[in-house]
Amino acid sequence: RTHLLQELGLNEKDGMTLLKSAAHSKRLVRVAEDLHYIPEQIASIIESLRFYFSENPNITVIQFKELLNISRKHAIDLLEYFDSQQLTIREDNHRIPARITALNN
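So in the numbering used here, spot 57 of the sequence shown is number 103, and the numbers just go up one at a time.
Calculated from the structure, these hints are not laboratory results. One thing to keep in mind: the hints can contain errors.
In silico lysine to any residue, SDA-like type, Cα no more than 20 Å apart, as pairs [to be verified]:
no., residue 1, residue 2
1, Lys72, Ser90
2, Lys111, Tyr83
3, Lys66, Gln87
4, Lys111, Arg96
5, Lys59, Glu79
6, Lys72, Gln52
7, Lys119, Ser100
8, Lys72, Leu133
9, Lys72, Gln131
10, Lys66, Ile108
11, Lys119, Asp138
12, Lys72, Phe97
13, Lys72, Ile91
14, Lys66, Ala144
15, Lys111, Ser100
16, Lys72, Ser100
17, Lys111, Asp80
18, Lys119, Asp129
19, Lys66, Pro103
20, Lys111, Ile142
21, Lys119, His82
22, Lys66, Ala78
23, Lys111, Leu133
24, Lys119, Ile88
25, Lys119, Lys72
26, Lys111, Asn139
27, Lys59, Ser90
28, Lys66, Tyr83
29, Lys59, Leu81
30, Lys72, Met62
31, Lys111, Ile135
32, Lys119, Ile108
33, Lys72, Glu53
34, Lys111, Lys72
35, Lys111, Asp123
Computed from a prediction, not measured in an experiment: that's the story for all the values here.
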């Protein structure tokens, strides 16, 4: 985050204000304190997850990480975000779709 703020010429306070404003106006989706996505990326990830669940009953962090080719940390943050949005439900070491109509159609 600090590197990005430096590239944009922003200090920490102004950068955080900008991120909060973008999230509040729905131009960014705050997945975790240090992880934001544009809404189109979230929609694309949900689409990938929907397709995955059409062929599999559940998904692990490792499978999700490999599906999206992202770090384990970001995979966990995204899955926890989807849990909070009631798109997935955590069961032991995997997730299942929570809203079948949202993910399995």
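Evaluated hints:
no. : hint             : result
1   : Lys72 to Ser90   : 16 Å, holds
2   : Lys111 to Tyr83  : 16 Å, holds
3   : Lys66 to Gln87   : 18 Å, holds
4   : Lys111 to Arg96  : 15 Å, holds
5   : Lys59 to Glu79   : 14 Å, holds
6   : Lys72 to Gln52   : 24 Å, violated
7   : Lys119 to Ser100 : 25 Å, violated
8   : Lys72 to Leu133  : 18 Å, holds
9   : Lys72 to Gln131  : 15 Å, holds
10  : Lys66 to Ile108  : 30 Å, violated
11  : Lys119 to Asp138 : 18 Å, holds
12  : Lys72 to Phe97   : 25 Å, violated
13  : Lys72 to Ile91   : 17 Å, holds
14  : Lys66 to Ala144  : 28 Å, violated
15  : Lys111 to Ser100 : 18 Å, holds
16  : Lys72 to Ser100  : 29 Å, violated
17  : Lys111 to Asp80  : 18 Å, holds
18  : Lys119 to Asp129 : 15 Å, holds
19  : Lys66 to Pro103  : 36 Å, violated
20  : Lys111 to Ile142 : 15 Å, holds
21  : Lys119 to His82  : 13 Å, holds
22  : Lys66 to Ala78   : 12 Å, holds
23  : Lys111 to Leu133 : 17 Å, holds
24  : Lys119 to Ile88  : 16 Å, holds
25  : Lys119 to Lys72  : 23 Å, violated
26  : Lys111 to Asn139 : 14 Å, holds
27  : Lys59 to Ser90   : 30 Å, violated
28  : Lys66 to Tyr83   : 12 Å, holds
29  : Lys59 to Leu81   : 16 Å, holds
30  : Lys72 to Met62   : 15 Å, holds
31  : Lys111 to Ile135 : 17 Å, holds
32  : Lys119 to Ile108 : 11 Å, holds
33  : Lys72 to Glu53   : 23 Å, violated
34  : Lys111 to Lys72  : 25 Å, violated
35  : Lys111 to Asp123 : 11 Å, holds
Hint compliance for this structure: hints 6, 7, 10, 12, 14, 16, 19, 25, 27, 33, 34 are not met, and every other hint is.
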